[in-house]
Each structure stands twice: as C-alpha cells, then as structure tokens.
Amino acid sequence: MIACAGIGVSAGGRSILSDVTLALADGQRVVLMGPSGAGKTTLLRVLAGLMVPERGTVTVGGRLASVPGKVLVPPSQRGIGFVFQSAALWPHMTVAQNVLYGLADLPKREAQDRVRQVLAACRVQGLAERLPQQLSGGEQQRVALARAIAPRPRHLFMDEPLTSLDSDLKGELLDLITRVIAVDATAVLYVTHEEDEARAVGGTRLHLSGGRLVPQA
Amino acid sequence: MPSSMRCRRHSLTWQPSSEAELPPVSGRTWRICGVLALAAVLGVPMAALARDAWAAVRMNPETLRLAIPAGRSLMLLLRSCALSAATALLCLAIGTAGALFLLAAPARLRWLRMVIILPVIIPPYLHAVAWMRIGEGLRVLLRGGGLALPPFQGFWAALWVQVMVYAPLMAGVALAAWSMVDPLLVDAGLVHGSPQRVLRRILLPLMWPVLTAGTLLVFVLCMGDLSVPSLFSVNTYALELYARFSASGRTADVTLLAVPVVLLCLAALAPAMRSIATVLSTPSARDGAASSAWRATGVVRAGALCGTAVLAVDVAGLCGSLLAGAQGATWAAVHDALPQALVSLRTAGGACLVSLVLALTAGPLVAAGNRSGRWMAAFLLVPLALPGPLAGTGASLAGTLAGGLWKAAAPALLLAFRFGPFACLMTGARLARLDSAAAEAGRLFERRRGDYVRCIWLPTLGPVLVAALLLVAILGIGEVSGTLLVMQPGQQPLALAIYNYLHYGGSGTVSALCLLLLAGLLALMAPALFLWNKGWRRA
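Protein chains in written order, with the numbering used here: chain D, 187 to 403; chain F, 182 to 720.
If a hint is listed, it holds; no wrong ones were tucked in.
Pairwise CB distance ranges, derived in the manner of DEER restraints:
hint : chain 1 : residue 1 : chain 2 : residue 2 : range
1    : D       : 196       : F       : 386       : 28 to 36 angstroms
2    : D       : 296       : F       : 393       : 33 to 41 angstroms
3    : D       : 388       : F       : 270       : 54 to 62 angstroms
4    : D       : 386       : F       : 626       : 40 to 48 angstroms
5    : D       : 354       : F       : 393       : 38 to 46 angstroms
Calculated from the structure, these hints are not laboratory results.
For each residue, glycine too, the CB sits at the ideal point set by N, CA and C.
With these hints in hand, go ahead and build the complete structure from the sequences.
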C-alpha cells in the first residue's frame, strides 16, 4: 500500500495541495479527476518521491517514505511505475533499451525475455530497435506503458496518458491499458479529466478541487 | 502530439525552423543585404588572404610546402594540439564536475553559479598575470621552508592557466546543457534507477552533444590564442604565425603556414556548430527544472566538490593577486591609461555596430535552416577557426584589397570579423526558436505599419541581440592576438598596453590596469547576463 496523509504543497505563495490524504491498497484502482491546475500531477509526483512535500507524510508498505522537506525512500525503491502525460522516452536509447532500463536487477537473459514479453503485450514488438523519434505519438505512449509495467511495479501511476492522442488512438490505447493492468493485478492511480477514461478504468473515483480531495459517488 | 514536435522537444541540438519568416522586410531583400554584409566584413579579409597566398604560390610554387607541416612546424603543431586537447579535456572534467555540484547545491547557494561562471569574461592574459603572481608567491613561501620549486613557466604552467581560463566556460556550457534536458526524462529515470545511474545512463548522454561542442570550442580557442603560451615561454603554432609575420612581414607565408591549423579547427567546429549555437543562446545560469528532483550522492558529490574547489581557487586567486598587486601602483599610471581605455571602448563600439548589421541580416538566413542558410552557417564558421594572428593578417591585407572602410577602421572590423559570427549564430538560434504561429499572428493583426516590428519582433529578439553585441564588446575589449597586427600608431587599446607591460615588467601598473579592464568588463557583463536571461525566458 502507498498512502499519504495531510499533504500540503505550495508554489509562489499559492497553495497547490492542501491537507490531502489518500491511500492506494494493493490491487486497487483509483481514478483521480479534476480540472486543469487542480494539483493532480503534483500529488502523483509527491507520492512517487519526485517532489518533496511541505507538510504531511507519504508511506510505502507501512514504511515512512517522505516527510516535510525530505524524501526518505527514493523513487526507484517505492515499487512504482509511472506513465507521464508526454511519453518521456529517452531519445538516445532504442525502444528496447528504454524498457530494459528498469530491469537492471534481473539477469540479462531474463530481462531481455521480459522486454520481449511487455513489448508484445503492448503491441510494439516490431519496434524494439527503433529510436523514440521514429515512432508516432500512439506508439510512443505504448512504449511508455511497456516501460512502466516491465519491472512489475506494485503501484502504477498514470498521469493523463491519453491527453495528447486523437480519439481513435485513445480508444485503442484505453482498451490496451485496461487489459494490461488486469493481468498483474497492479494497483493503479489514474489521473484524467475525461469521463469515458474514468469509466473504462473503473474503481474508486476521487475529485481534486482547489487542492483538496472530494470523494465522488 | 505529432512525432515531429516530439523530436524537437527531446532533441538536444538546435533544430532550425523551416518557417523563420520573421525579419521585418521581404525575404529577398533581406537575403541580398545579408550576403552583402557578410561579403564586406567576413569575405574581404578571407579573400585578401587567399589572393595573397595564391599570388605567392604562382610566383614560387615552393612556398606551398609551408602548408605541409614538417620538421619544426610539425613539432609546433603537435605541441599546440597537445596543449589545446589537454586543456579542453581537463576543462570538460572540471567544468562538468563543478556544474553538477552547483546544480545539486541547495537553492540558497544558487548565486555561486554566477560567481563561478563570471571569470569567462576575463581575458586569458589576466589569468596569466594572476597565476604568475600566485606561482611566484608560492615559490617564495616554500623557499623559506627550504623547498625549492622550479619557476612557474613552461608547458605545464601554460596548461594550468589555460585550464583556469576555460574551465568556467565549460561549467557554463554544462549548466546550459543541463537546462536543455527535459525534466520529465530525468523523472522517468529516477522512477526506475538510482541518481548515479540516472547521471550515467540518462543525464550525461543527453548532455553529451552540448558538452562535446563546448570541448571542441575550447580546443579551437586554445589553438588560436597566443597570449598565454607566449607569457609562459611555450612556442606554439599561433605564436609562430605571429613571429613569422613580425620577422618577415610576408603575409602569404603566414597564410600558408596557417593552413593545417585552420583545417584542424574547421574539422573540430563543423560537427559542433549547431550545438554551439544552442549553447550560446541559452542563459547558463538558468535554473534547470530537472535539478528539482535529482540529487548527486557519494562519489559524484565528491568529484563535483573538487571541480568547484578548483574553480573557486581560480576566482579567489585572480581577485586576490590583482588587488594585492595594484596596491603598489600609482594613480598616475591609471590616469595615463584612460586614453587607451577610450580607444578600447571606441573600437569595441564600432565592432558592435558592424556585428549588429551582420546579426540582423545573416541571423534570419541562418535561422531559416534551408540550403542557403546552411551555407551561410558554414561560412560563419571560417572566421571562428582562424587563429588570431591570421585574422589580424587578413584584416591588414583587407585594406589593400577593398580600401575605404577597411583602411579607416581595421581594428573595429577585425573584431567584428572575429566575433561577429557569434552574434549571427546567437540571433539565428533565437529566431529559430521563435513561435512562427505567434509571428504570423503578429503580422495578421498588424493595424499600423511598423506595429509588428515594434511590438513583436524587437521585444522578442531585442534582449538576445543586445546580449550578443555585449558579448562581442567583451571579447573585443580583451582581444590582443589579432589587434597586435592592425593597431594604428598612437591608437593602442588598453588590452594591448597590458600585454606589452607584461613583457616589459611594471607589475603594479599591470595589476592596476587589469583591474581597470576588469571593472569595464564587469560593467558590460551585468546587463548582458540580465538581457540574455530575459530574452530566453520569453522564448
């Protein structure tokens, strides 16, 4: 389980998150909704350890991971996968190398098998040797999903992963995401402001408004 | 998002826009103006050098042998290459390490970035003065303790001083390289790996093209500079060019002798050109967003601390020794130097005016990124690859070829010839990054003639343009290698006066004049940095 309690973040004198408390149990799906600038991405970054909270704490598996002003457990040790709004693929690495990066703990052969497996699951197996610049937007987002799930994370964070895609591609990728996350029973925290995406992912819905969480029916 | 947009966002090198229709006049007029300006300022000295060399070869084909390094010239070329390559590599290591430390340092220490980068504006021979003094002081100190040190002279002393000269530049380049890395790429790496692994596998590879460009630029600057090697009694190729001109006055010999070093510098500059343009147009002290999550630890932090320590020693040594030395100087010496300071300002001001014309006409052509733009950019590389003494020779010959302006204002035109290309590349890089849709909207909604230029074009381009011209002024005020050959009687600039004093003694006076020069450069640098930063944030 990954959880935060009383999280507060501000920037330039403006409060972005205020007293946010959230828990994501193993295997649970949570959809976080809210208007642009509501602080959804900031909350994901604080949970992932990419940002330090000003107030409140983050715990991972019952262990204190972030306290005000300090990250105690680095992002790479929190057991999370992250799909960013833009694919954020490393341009100097091939598709296979992008996915392989997170598998450094596995023996080489096993890691390569896992890369083949996730690329096939995300239907980009034929693109393994291509560079990110040679891929379309949809292909890049599939590779980003493959990279995030490759190390079998306990928690998968997805920050509006379909925003930059057209509606046909969106439907196709949404279908892929729901099938992929069902396989490993990974806990998912999915950020979106689209109703159809929230419906497809399912699970608990939370609404972030004015930096505070409001439970939805 | 279309993949082409993605490519541009993730690319580290400069991606010229194909739609840089931003100059306020029509494309054809602009192209003609650009070509004429470049021909007059950059083309004439190069043509004069080529014509002179060709005439000498036609008269005596044996002179062509000078272009092939052999014997003494080969030895000098190898020594120059060794000194420049060692300087560039050490600067890469120290500058990058220093930048990594500064980036991982807490926010309250951000001012350190500026302090470490600021010595970039100090001409090489001022560093030499400071380190000669420090070396001598160290010798006296150790002699008192019964330890005899050799004099601070020769190859290793020159190498040390050159590293101190260019390491701040490399630190600035590394900071600029960092600021160009998309922060999300670092975040994505941190989710799956330790900070050290992110540094090794993601950050350094992404910064590498810009770091390589910076290293090659340092190599080229070292190859063309004669001031530090001459002060430390090291014979280099650039010094040989100057000595050959002084001894025989045969300009064709200098041109032919310079061919190997020019080819070498062009070969080094060509692949790095686009990255250099990006580096030059990026404010080096900008807070990279990527630094918010990345923190160096362990070995990286120790190495980075060493890099910063070396840079800090240079800054402290430079200021300390100049202040200590100046105490023995008389105000009369400083007062006497005021006319020379005025000559420096006048020459640099002239160079800025000429560079403004070059930047406004050639910059948009470079930004267009089409075939003629690429030729233009390649043409701009040539003056950067010429060693100072050869550029000076070209400027002295230009008067005989073109007469007129080149005869009347050779020192200012020489500075524009040497440093004007920087202004063109900076302007071009800035224009290539402007949003063409915003520019088109500006034209579309223009209600009165001139509104577009006044309200859109100048405010977006202006700060970078002014910063580029101040850079030309700063480099021009410190230049000696070429000015030595075109200086007119009674018109000695301050930098040359200092350089001459260094050879004849008068250390207290030298220190006082150095401080005068330093104060002038700092006064120019402050608005340059401010405008550079302001211009970039508007991009």
